[in-house]
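Protein chains: 2
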Amino acid sequence: MTSQQLYEQYTAQMRKIADVKYALAVLQWDQETYMPSGGVAMRAQQMATLSEIAHQLFADKNLGILLQELSAAEGLTELQQRNISLTLEDYRKNEKYSSSFVRELSEAVSTSYHAWIDARKQNDFAVFETSLDHLIRLKKEETQVLGFEDHPYDALLNEFEKGASVAWLDELFLDLQSSLKPLLLKVMDSPVPEQAFLHQHFDKDAQWRLGLDLLKQMGFDFERGRQDLSEHPFTTNFNTGDVRVTTRIDEHNLASMTWSCLHEGGHALYEQGLPSGQYGLPLGEYCSIGIHESQSRLWENCIGRSLPFLDCNISLFQQYFPSLKQVSSRQLYAAVNGVKPSLIRTEADELTYHFHILIRYEIEKKLMEGSITAKDIPSLWNDLYKDLLGVAVPDDKNGCLQDIHWSHGSFGYFPTYTLGSLYAAQFYHYMQSGNPGLLKEVGRGDYTSVHQWLQLNVYQYGRRFTGKELCNKITGASLQLGYFMQYLTAKYQDIYHFD
Amino acid sequence: MTSQQLYEQYTAQMRKIADVKYALAVLQWDQETYMPSGGVAMRAQQMATLSEIAHQLFADKNLGILLQELSAAEGLTELQQRNISLTLEDYRKNEKYSSSFVRELSEAVSTSYHAWIDARKQNDFAVFETSLDHLIRLKKEETQVLGFEDHPYDALLNEFEKGASVAWLDELFLDLQSSLKPLLLKVMDSPVPEQAFLHQHFDKDAQWRLGLDLLKQMGFDFERGRQDLSEHPFTTNFNTGDVRVTTRIDEHNLASMTWSCLHEGGHALYEQGLPSGQYGLPLGEYCSIGIHESQSRLWENCIGRSLPFLDCNISLFQQYFPSLKQVSSRQLYAAVNGVKPSLIRTEADELTYHFHILIRYEIEKKLMEGSITAKDIPSLWNDLYKDLLGVAVPDDKNGCLQDIHWSHGSFGYFPTYTLGSLYAAQFYHYMQSGNPGLLKEVGRGDYTSVHQWLQLNVYQYGRRFTGKELCNKITGASLQLGYFMQYLTAKYQDIYHFD
Numbered sequence: 000m001t002s003q004q005l006y007e008q009y010t011a012q013m014r015k016i017a018d019v020k021y022a023l024a025v026l027q028w029d030q031e032t033y034m035p036s037g038g039v040a041m042r043a044q045q046m047a048t049l050s051e052i053a054h055q056l057f058a059d060k061n062l063g064i065l066l067q068e069l070s071a072a073e074g075l076t077e078l079q080q081r082n083i084s085l086t087l088e089d090y091r092k093n094e095k096y097s098s099s100f101v102r103e104l105s106e107a108v109s110t111s112y113h114a115w116i117d118a119r120k121q122n123d124f125a126v127f128e129t130s131l132d133h134l135i136r137l138k139k140e141e142t143q144v145l146g147f148e149d150h151p152y153d154a155l156l157n158e159f160e161k162g163a164s165v166a167w168l169d170e171l172f173l174d175l176q177s178s179l180k181p182l183l184l185k186v187m188d189s190p191v192p193e194q195a196f197l198h199q200h201f202d203k204d205a206q207w208r209l210g211l212d213l214l215k216q217m218g219f220d221f222e223r224g225r226q227d228l229s230e231h232p233f234t235t236n237f238n239t240g241d242v243r244v245t246t247r248i249d250e251h252n253l254a255s256m257t258w259s260c261l262h263e264g265g266h267a268l269y270e271q272g273l274p275s276g277q278y279g280l281p282l283g284e285y286c287s288i289g290i291h292e293s294q295s296r297l298w299e300n301c302i303g304r305s306l307p308f309l310d311c312n313i314s315l316f317q318q319y320f321p322s323l324k325q326v327s328s329r330q331l332y333a334a335v336n337g338v339k340p341s342l343i344r345t346e347a348d349e350l351t352y353h354f355h356i357l358i359r360y361e362i363e364k365k366l367m368e369g370s371i372t373a374k375d376i377p378s379l380w381n382d383l384y385k386d387l388l389g390v391a392v393p394d395d396k397n398g399c400l401q402d403i404h405w406s407h408g409s410f411g412y413f414p415t416y417t418l419g420s421l422y423a424a425q426f427y428h429y430m431q432s433g434n435p436g437l438l439k440e441v442g443r444g445d446y447t448s449v450h451q452w453l454q455l456n457v458y459q460y461g462r463r464f465t466g467k468e469l470c471n472k473i474t475g476a477s478l479q480l481g482y483f484m485q486y487l488t489a490k491y492q493d494i495y496h497f498d
Numbered sequence: 000m001t002s003q004q005l006y007e008q009y010t011a012q013m014r015k016i017a018d019v020k021y022a023l024a025v026l027q028w029d030q031e032t033y034m035p036s037g038g039v040a041m042r043a044q045q046m047a048t049l050s051e052i053a054h055q056l057f058a059d060k061n062l063g064i065l066l067q068e069l070s071a072a073e074g075l076t077e078l079q080q081r082n083i084s085l086t087l088e089d090y091r092k093n094e095k096y097s098s099s100f101v102r103e104l105s106e107a108v109s110t111s112y113h114a115w116i117d118a119r120k121q122n123d124f125a126v127f128e129t130s131l132d133h134l135i136r137l138k139k140e141e142t143q144v145l146g147f148e149d150h151p152y153d154a155l156l157n158e159f160e161k162g163a164s165v166a167w168l169d170e171l172f173l174d175l176q177s178s179l180k181p182l183l184l185k186v187m188d189s190p191v192p193e194q195a196f197l198h199q200h201f202d203k204d205a206q207w208r209l210g211l212d213l214l215k216q217m218g219f220d221f222e223r224g225r226q227d228l229s230e231h232p233f234t235t236n237f238n239t240g241d242v243r244v245t246t247r248i249d250e251h252n253l254a255s256m257t258w259s260c261l262h263e264g265g266h267a268l269y270e271q272g273l274p275s276g277q278y279g280l281p282l283g284e285y286c287s288i289g290i291h292e293s294q295s296r297l298w299e300n301c302i303g304r305s306l307p308f309l310d311c312n313i314s315l316f317q318q319y320f321p322s323l324k325q326v327s328s329r330q331l332y333a334a335v336n337g338v339k340p341s342l343i344r345t346e347a348d349e350l351t352y353h354f355h356i357l358i359r360y361e362i363e364k365k366l367m368e369g370s371i372t373a374k375d376i377p378s379l380w381n382d383l384y385k386d387l388l389g390v391a392v393p394d395d396k397n398g399c400l401q402d403i404h405w406s407h408g409s410f411g412y413f414p415t416y417t418l419g420s421l422y423a424a425q426f427y428h429y430m431q432s433g434n435p436g437l438l439k440e441v442g443r444g445d446y447t448s449v450h451q452w453l454q455l456n457v458y459q460y461g462r463r464f465t466g467k468e469l470c471n472k473i474t475g476a477s478l479q480l481g482y483f484m485q486y487l488t489a490k491y492q493d494i495y496h497f498d
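Residue numbers (numbering that gives the first Met the number 0), protein chains in the order written: chain A, 0 to 498; chain B, 0 to 498.
Simulated from the structure, these hints should not be mistaken for laboratory data.
Worth double-checking, as some hints may not be accurate.
No copy labels: a pair is met if it fits in one copy or bridges any two.
The calculated lysine-lysine pairs, modelled on BS3-like cross-linking and capped at a C-alpha distance of 27 angstroms, are [claimed, not checked]:
# : residue 1 : residue 2
1 : 60        : 20
2 : 15        : 95
3 : 215       : 472
4 : 203       : 215
5 : 139       : 439
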């Protein structure tokens with residue numbers, strides 16, 4: 000058999016595995032958008048079965064042999080070789096998991112998710128504690144399964160951002176904290192911009208239509224995707240031709256839906272832009288979660304919270320909400336960039352946001368090293384919010400029950416949000432330095448250059464490079480805190496007028 | 000290992016197979032409700048993969064051995080034995096199919112479905128012909144795979160209604176045709192009831208809310224199900240706790256949405272009422288498609304198009320649509336039972352409806368025996384409509400492209416609609432004879448007795464009996480044409496005042 004025939008065998012098997020994984024994603028999307036409560040129990044079981052099948056298909060010994068053969072084969076293109084080496088890496092990792100562990104984890108995630116929903120309804124962490132505790136035990140077991148050199152948490156961090164480690168993040172996050180603190184103090188010393196007009200009553204249907212308009216404007220292709228409502232906004236995809244975003248609408252907070260749409264839209268453009276011919280293969284997948292987050296933050300913050308974007312869109316806001324007729328784009332710009340230490344991560348400004356991440360990072364690190372357990376979370380959470388942000392957490396819903404992530408078993412995910420902001424600032428800097436007219440284009444609602452740049456520099460590569468490698472390739476340097484601090488300082492100087 | 004331990008092994012494997020099949024049903028539901036057009040190609044492949052996996056799991060040799068052991072085992076309950084014998088029957092049937100055939104069929108169905116959608120848009124059967132032709136060839140191959148004694152079509156009829164055959168249906172349908180013809184002539188000789196008020200403009204949202212109210216009234220549990228919109232209404236379920244109905248809304252035809260809701264609601268009540276503890280096992284499944292259809296027709300027609308039902312609900316209709324304020328329940332009753340030979344099956348009255356079925360039955364029979372092929376369908380269709388209903392088919396959309404069934408590969412399904420009407424009339428007769436106050440209860444919107452009767456006589460048994468057996472058990476007789484003719488004649492005499 001020729002190398003190309005072997006490669007065909009490999010792609011056929013990978014497509015089949017992807018089919019099962021994406022079917023699982025459809026079930027998950029349905030669970031979080033439309034599924035009635037009566038479907039909970041059996042859906043958990045159905046998703047666990049699909050997880051187990053996907054795992055077994057990928058653990059197939061013949062696939063292992065095929066990958067070995069292909070690793071040594073002559074005549075494959077460079078990209079084919081890259082697919083093979085990445086798949087072999089994944090294969091060896093998958094081999095470490097037993098089917099029973101995969102199933103137990105999937106079932107624990109479903110149970111936890113619904114316990115989290117219930118706990119939020121009852122505003123009581125205790126309702127979530129038992130199933131979260133089970134999940135944490137499984138995740139700690141997973142760190143052993145995966146293996147690590149220095150810190151157990153490294154094993155999980157690596158799942159979302161290859162090469163990430165406690166050693167790296169401890170240093171980066173310490174620098175971040177020391178850079179953000181003085182900036183926060185300066186901002187807090189300045190007059191607070193008017194934000195009240197963002198908290199009038201904003202009709203649900205009008206918000207929904209505005210969200211769709213913004214998604215269209217940024218280039219989301221509705222022939223290859225759709226938006227729905229869910230408790231917690233997310234983006235998922237079943238192939239590059241079917242990318243789904245969700246949002247939620249707060250009738251007393253226009254910013255909540257609006258910048259969530261831009262955020263998820265950024266994720267979605269990445270998924271719609273990945274190479275469709277590589278379905279099921281590493282080169283058809285996103286680079287890393289950190290890079291994925293850079294895409295959402297680039298659109299949500301670098302573009303979406305910029306003055307040119309708001310200059311362009313102020314009339315659209317006013318068209319949907321006549322009560323904003325007296326608000327100028329500069330006032331809106333100041334309002335949506337208002338800085339104030341607060342309780343809810345997803346509603347935080349770009350500055351204090353990262354303190355929310357630092358808190359979660361500390362808690363996860365301690366959970367994984369075993370120095371605390373689930374029951375310790377609420378008090379530690381509340382203490383850290385007091386220490387770092389100076390806010391008193393009134394209850395669990397506004398505290399440690401606010402995020403979906405732990406209920407999904409996603410430990411190690413939060414740090415990628417901060418990495419995403421840092422990558423986004425660094426990328427946006429390079430995008431602008433190569434195109435001095437870029438901000439003018441954005442001010443006209445013309446994203447042609449932005450799309451081309453992202454397609455050329457990010458989307459087309461899929462998982463070909465790690466996040467760190469991609470950053471080096473694009474900007475000629477590793478991830479630097481400086482670009483983010485420069486971006487943030489410039490914005491707040493402009494709004495708060497300090498030196 | 001004890002018999003009960005073996006039985007546990009069996010149920011575990013069956014649950015797993017059901018998980019995959021229901022996951023497939025979620026993908027199908029999504030495809031017909033929310034999926035963007037860009038998802039078509041990969042969704043077809045994803046569904047084919049799940050079909051193939053379900054087939055392979057069920058074809059597992061170890062399951063065959065287990066079923067053999069359990070067939071001979073002592074100490075199983077009667078119901079457990081029944082599950083085993085039905086599963087063994089299914090297993091032997093499944094063994095006849097190769098994996099490649101299952102995948103080819105699933106892919107052909109997806110392709111055909113989208114070709115059918117396109118053909119309808121372009122109003123041109125030719126767009127559908129090639130993929131339908133491929134599907135028909137596969138279905139003919141399937142009749143050979145399944146085997147048959149007399150007529151190849153028998154193999155497919157049996158898939159939907161065990162024990163059904165061309166010999167049986169030829170005779171039954173001939174009787175039906177000779178009974179319906181004189182009744183139709185009498186009705187056609189009488190003055191036509193006023194129907195124009197059903198074709199005013201009826202707001203989409205108000206219709207949607209009316210539909211939900213009617214589903215609630217009939218006892219559909221929205222904690223264990225939901226309704227959405229789709230091109231063609233259908234009911235599906237992912238377990239008894241998650242049953243989905245769909246509807247479509249025509250703003251110029253109030254009856255279209257209304258009685259479709261009652262129809263799908265009848266199917267849904269059956270699925271919600273099946274024994275949830277038997278998930279994945281035959282006793283947790285519906286009896287037959289004919290019996291399933293009897294449930295939809297009982298609610299749609301026997302109850303929904305009756306005077307007591309309309310007496311009860313006229314004020315609800317008027318509340319949503321003030322333009323109906325001048326319409327009495329008797330006028331509405333006459334209007335929704337107006338008889339007129341027409342082009343579209345799903346909008347046909349209860350009398351001419353069966354001519355639509357007879358036409359499809361004849362065409363399917365000929366396709367399966369090979370005396371015609373796909374290309375002959377339009378002209379044969381149009382000729383039969385002329386002969387049997389006296390109507391001229393103007394185009395394919397109003398002719399042979401109107402039904403989704405063939406695009407789904409569902410050959411042998413149509414006759415069950417007529418069987419369903421006949422079963423429904425026979426069941427409703429017995430339900431009333433055991434409870435003389437029943438119609439009064441229906442007139443008050445009180446369906447307690449109806450639910451209890453259906454739960455006791457139909458729902459609780461799942462697939463324990465065949466349709467024919469169930470009919471005998473409930474009514475002490477095999478399926479009789481007489482009950483249906485009696486029901487229909489009484490209704491039309493009441494409305495049309497002939498002797």
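Okay, the hints, checked on the actual structure:
1. 60 x 20: both (19 angstroms within a copy, 26 angstroms between copies)
2. 15 x 95: both (21 angstroms within a copy, 23 angstroms between copies)
3. 215 x 472: Answer is neither; intra-copy 30 angstroms and inter-copy 60 angstroms both fail.
4. 203 x 215: This pair counts as both: shortest intra-copy Cα distance 19 angstroms, inter-copy 26 angstroms.
5. 139 x 439: neither (50 angstroms within a copy, 64 angstroms between copies)
Consistency note: the structure conflicts with the earlier hints numbered 3 and 5.
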